[in-house]
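Chains as they are written, first to last, in the numbering used here: chain Y, 1 to 246; chain L, 1 to 456; chain D, 1 to 194.
Since the hints were derived computationally from the structure, they do not count as laboratory data. Just so you know, not all the hints are guaranteed correct.
What the hints assert, rightly or not - Subject to a maximum C-alpha distance of 16 Å in a straight line, what follows is the list of computed EDC-like cross-link-like pairs (lysine to aspartate or glutamate):
no.: 1; chain 1: Y; residue 1: Lys173; chain 2: L; residue 2: Glu25
no.: 2; chain 1: L; residue 1: Lys244; chain 2: D; residue 2: Glu121
no.: 3; chain 1: D; residue 1: Lys55; chain 2: D; residue 2: Glu13
no.: 4; chain 1: L; residue 1: Lys273; chain 2: D; residue 2: Glu13
no.: 5; chain 1: Y; residue 1: Lys37; chain 2: L; residue 2: Glu448
no.: 6; chain 1: L; residue 1: Lys273; chain 2: D; residue 2: Asp82
no.: 7; chain 1: L; residue 1: Lys158; chain 2: D; residue 2: Glu176
no.: 8; chain 1: L; residue 1: Lys273; chain 2: D; residue 2: Glu176
no.: 9; chain 1: L; residue 1: Lys36; chain 2: Y; residue 2: Asp171
no.: 10; chain 1: L; residue 1: Lys382; chain 2: Y; residue 2: Glu52
no.: 11; chain 1: L; residue 1: Lys291; chain 2: D; residue 2: Asp120
no.: 12; chain 1: L; residue 1: Lys156; chain 2: L; residue 2: Asp18
no.: 13; chain 1: L; residue 1: Lys273; chain 2: D; residue 2: Glu121
no.: 14; chain 1: L; residue 1: Lys276; chain 2: D; residue 2: Asp92
no.: 15; chain 1: D; residue 1: Lys159; chain 2: L; residue 2: Glu209
no.: 16; chain 1: L; residue 1: Lys157; chain 2: D; residue 2: Glu176
no.: 17; chain 1: Y; residue 1: Lys173; chain 2: L; residue 2: Asp35
no.: 18; chain 1: L; residue 1: Lys390; chain 2: Y; residue 2: Glu52
no.: 19; chain 1: L; residue 1: Lys158; chain 2: L; residue 2: Glu67
no.: 20; chain 1: L; residue 1: Lys276; chain 2: D; residue 2: Glu121
no.: 21; chain 1: Y; residue 1: Lys84; chain 2: L; residue 2: Glu371
no.: 22; chain 1: D; residue 1: Lys157; chain 2: D; residue 2: Asp120
no.: 23; chain 1: L; residue 1: Lys278; chain 2: D; residue 2: Glu125
no.: 24; chain 1: L; residue 1: Lys303; chain 2: L; residue 2: Glu383
no.: 25; chain 1: L; residue 1: Lys366; chain 2: L; residue 2: Asp297
no.: 26; chain 1: L; residue 1: Lys276; chain 2: D; residue 2: Glu13
no.: 27; chain 1: Y; residue 1: Lys231; chain 2: L; residue 2: Asp368
no.: 28; chain 1: D; residue 1: Lys157; chain 2: L; residue 2: Asp297
no.: 29; chain 1: D; residue 1: Lys12; chain 2: L; residue 2: Glu67
no.: 30; chain 1: L; residue 1: Lys276; chain 2: D; residue 2: Asp119
no.: 31; chain 1: L; residue 1: Lys375; chain 2: Y; residue 2: Asp171
no.: 32; chain 1: L; residue 1: Lys156; chain 2: L; residue 2: Asp177
no.: 33; chain 1: Y; residue 1: Lys163; chain 2: Y; residue 2: Glu120
no.: 34; chain 1: D; residue 1: Lys158; chain 2: D; residue 2: Glu95
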Amino acid sequence: MKVALFVPCYVDQFYPNVAIATLELLEKFGCEVSYPKNQTCCGQPMSNSGFEHLTSGCNKNFVESFKGFDYIVAPSGSCVLHIKEHLHDEEHPSEAEKISKTIYELVSFLTDVLKVEHLEASFPHKVGMHQSCHGQRGLKLSQMTELNAPPFSKPQDLLNLVKDIEMIELDRKDECCGFGGTFCVAEEAVSAKMGVDRVNDHVRHHAEYITGIDMSCLMHLEGILRRQKSKTKIIHIAEILNGRKA
Amino acid sequence: MKTIDHAANSKVFNQDEDRVDWHDETLWFIRQKRDKASKQIPQWEALREAASQIKNHTLSNLHNYLEEFELNAKANGIQIHWAKDAQEHNEIVYDLLAKQGISKMVKSKSMLTEECHLNHYLEDRGIEVIDSDLGERIVQLAKEPPSHIVLPCIHKKKEEIGALFHEHLGTPEGNADPQVLTEAARQHLRDVFLTRRAALTGVNFAVAETGEIVVCTNEGNADLGVHLADIHIACMGIEKIIPKRGHLSVFLRLLARSATGQPVTTYSSHFAKPRKGKELHIVLVDNGRTKQLGRPDFRNSLKCIRCSACFNTCPVYRRSGGHSYHSVIAGPIGSILSPNLDMAKHADLPFASTLCGSCSNVCPVKIDIHEQLYKWRQVLVKEGYVDAKKALSMQLMAKTLASPTLYHLAGKAARTTLKYAPFIAQNRFNPWYHQREMPAVPKSSFGEWYQKNRTK
Amino acid sequence: MNSRACILNAVKENQPELLALPDITHLLEVENQDLVAEFTRVIEGIGAKVFQVNKYQEIIHHLKADFETEKVRVVSTLKEFDEIAKPFSGLDNHELADVELMILPTHFAVAENGASWVDDELFKERVLPFIPQHLVFIVEKEKIVPTMHHAYQLIGKKKYSYGTFIAGPSKTADIEQSLVLGAHGPRSLRVFLV
Ligand code: SF4
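The shape of chain Y in the complex, shown without the other chains (with noise of 0.2 Å):
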């Protein structure tokens, strides 16, 4: 199985380790995995700002980029939305759709394509989970409080398979982090208010790590974590997985 490797922009430069956690786990789950080295973005940063009519190169870019796989997987449900909703490539239309249909985030990914039943992993810890909307509500990876519908949760699914780690409840399962993309700096009150909040929820819990699928909510919430000289940390779903020790 032919997979790319897609790692967002703010990933490949502040968050290496958790790409090769990502490279990592792939490979021990016999995928072939490339990393695409032209990729640069997936766009959504303009798109969100309300640019999308200047994604076009950015979009011929990527199509170049993960053209010719089987699966195009990233560590990020963010990044993996917006091209599912918003990537095209007038010139390679096919192309264009193919990747849509075969991109896929890290844990959907494992649970849906690899089903992924055991895993070499041991993270003696508390951990809280970060919902992020874009992976939940997006890519419907767990299911939302809103809806009066069946639960389930495939990030948890996986993190059953981790030994020793203990998880713990909020009192907001699945609020916004409020990081919200280029929100994060236009609307900065309201943006670090949600983030102390969501911070404040987990560490009332007791968690000594907060995990989650999405890089860019859990950068939002450590900025947040090490101004307040927090215990508390970050750790990417993917680094668990991997068996990362703390």
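Keeping the supplied structure of chain Y fixed, place chains L and D with the ligand upon it in accordance with the hints.
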């Protein structure tokens, strides 16, 4: 270009963190009540789907339903008026009052009359309007606009209301007991109900098949006002129509549960004919609605039944307060309705969201609110309602991200300064840092690591 | 062009292609339940009191215990309550302002939300259930339906000039979400199931 914006208003609101917490908790509590109520109804999601489809259908056949409604209402002795905008709506109401020499009117909750600024219009012409919904009366006394469509004074603490009532209604100084304050309002307004000859109400639903209108309240203020007056004026946007009486079941099951978690509002009153010897007038108002109907991406915002569930769930609304939206209807739905009326004035609102999507999933009529927020952003940028600096930096970013070479060059700089990291690209002063630390800078990017470790 | 034509034209021009109206009959399917118990649970949850009685005399007995029926004004449209109440025969409904207790019949009630339906077949003055300090509804046990869908089936195409669902006493939570019963309408609602 922009005079006031949501971000600046929110910054002010957030200076008092205790108040933000209080506001957030109060509204979250209502969201939880809504969750509980909706989860007691096994058919909840089927109801939402039905409501959504009924509204979609109605909008696609609105022309016929409006005519059918008019025909049936008239046959029942109701007088129908049409207003293409706020001005005409206000004139119609004023003329109805002036003709009968009425100078005092009692009014129950109607967001439409807020939208038309009816109170000011009438007051300028010597007509006194008293809002009879308790929350509306409170903001009226405080000379403020409502901050929430269902809970108009949710931004006010009881001590503030106590002080207001002390000044205006003579309640004991320092008394902030909701029971006492409500009782004072009851006494004060009872007299108003008994002495007003004209009563104005909003409309929750208008049934084409029967020509009747339905008005929902908890306080009973709409009914008390109307049943004791000679003339009842009901004002409604043209989107309030539903095809059949039987459809009310779907909407009444959803409305109160979505709004406050109650199983139904205390009163759901159906007005099919005027009282004997009295008058019932209905004013059908466009005021931008047909324009919105003509925007395929945004037309289904007209499905809104004004339950306010999207307000209560919105993490931004809860932490910025209704007034930060500087528009009659705040919250997520306000942010997709207001730009239709005035893009320049409301260009900031579609950006006052993280696009988390909670709103669309509590909405009882399944409006794709967060997707419309995204689409409004595209429209506003194209129409030029965004500042030049931002546009420039976006062009720069587009160029960088389209070219792997430029991107890799920029990346190095970004890691040390964060300056060109896409999510904060347009900012020189980097508001990120105000309340957050930067990510620690790794020795190398993943790309560089990969080059070193994986390429043979 | 007048505004009416203006608006209707604009609507016609801007409305999308016709979309189908959904069938909602499936919503009538509900599990079997004890309707009296459900109605009681729900309406008590929203601030009303429920009493199951066999005879009207029992109701009078209850009301005499709770109100000074000799001293306060009690009005009813039901002759069964002649002992404690008078019918309203005035010309101007403002004369009802001092009614303490109002006893009214209802057409039917709804279990899922505690609402009772009344329309002007039962009484002409619309203000009757709104103006008293305290309200009493008489509901026939067999006339409790499960949901609002069943309610509107019962109402059907009936030609009333006014009708309303009433669920509980009048209330407000506008001040800091503190629930206060007795906003503008009745301060209490007693439902007698017969
Ligand atoms: S948009 Fe939906 S959730 Fe928001 S007020 Fe309207 S109906 Fe309610």
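Going down the list of hints, with the structure as the test:
no.	hint	result
1	Y/Lys173 to L/Glu25	holds, 15 Å
2	L/Lys244 to D/Glu121	violated, 21 Å
3	D/Lys55 to D/Glu13	violated, 62 Å
4	L/Lys273 to D/Glu13	violated, 31 Å
5	Y/Lys37 to L/Glu448	holds, 10 Å
6	L/Lys273 to D/Asp82	violated, 31 Å
7	L/Lys158 to D/Glu176	holds, 6 Å
8	L/Lys273 to D/Glu176	violated, 37 Å
9	L/Lys36 to Y/Asp171	holds, 15 Å
10	L/Lys382 to Y/Glu52	holds, 10 Å
11	L/Lys291 to D/Asp120	violated, 40 Å
12	L/Lys156 to L/Asp18	holds, 13 Å
13	L/Lys273 to D/Glu121	holds, 13 Å
14	L/Lys276 to D/Asp92	holds, 12 Å
15	D/Lys159 to L/Glu209	holds, 12 Å
16	L/Lys157 to D/Glu176	holds, 6 Å
17	Y/Lys173 to L/Asp35	holds, 13 Å
18	L/Lys390 to Y/Glu52	holds, 14 Å
19	L/Lys158 to L/Glu67	violated, 46 Å
20	L/Lys276 to D/Glu121	holds, 14 Å
21	Y/Lys84 to L/Glu371	holds, 14 Å
22	D/Lys157 to D/Asp120	holds, 15 Å
23	L/Lys278 to D/Glu125	holds, 13 Å
24	L/Lys303 to L/Glu383	violated, 25 Å
25	L/Lys366 to L/Asp297	holds, 14 Å
26	L/Lys276 to D/Glu13	violated, 39 Å
27	Y/Lys231 to L/Asp368	violated, 39 Å
28	D/Lys157 to L/Asp297	violated, 36 Å
29	D/Lys12 to L/Glu67	holds, 11 Å
30	L/Lys276 to D/Asp119	holds, 15 Å
31	L/Lys375 to Y/Asp171	violated, 32 Å
32	L/Lys156 to L/Asp177	holds, 14 Å
33	Y/Lys163 to Y/Glu120	holds, 8 Å
34	D/Lys158 to D/Glu95	violated, 30 Å
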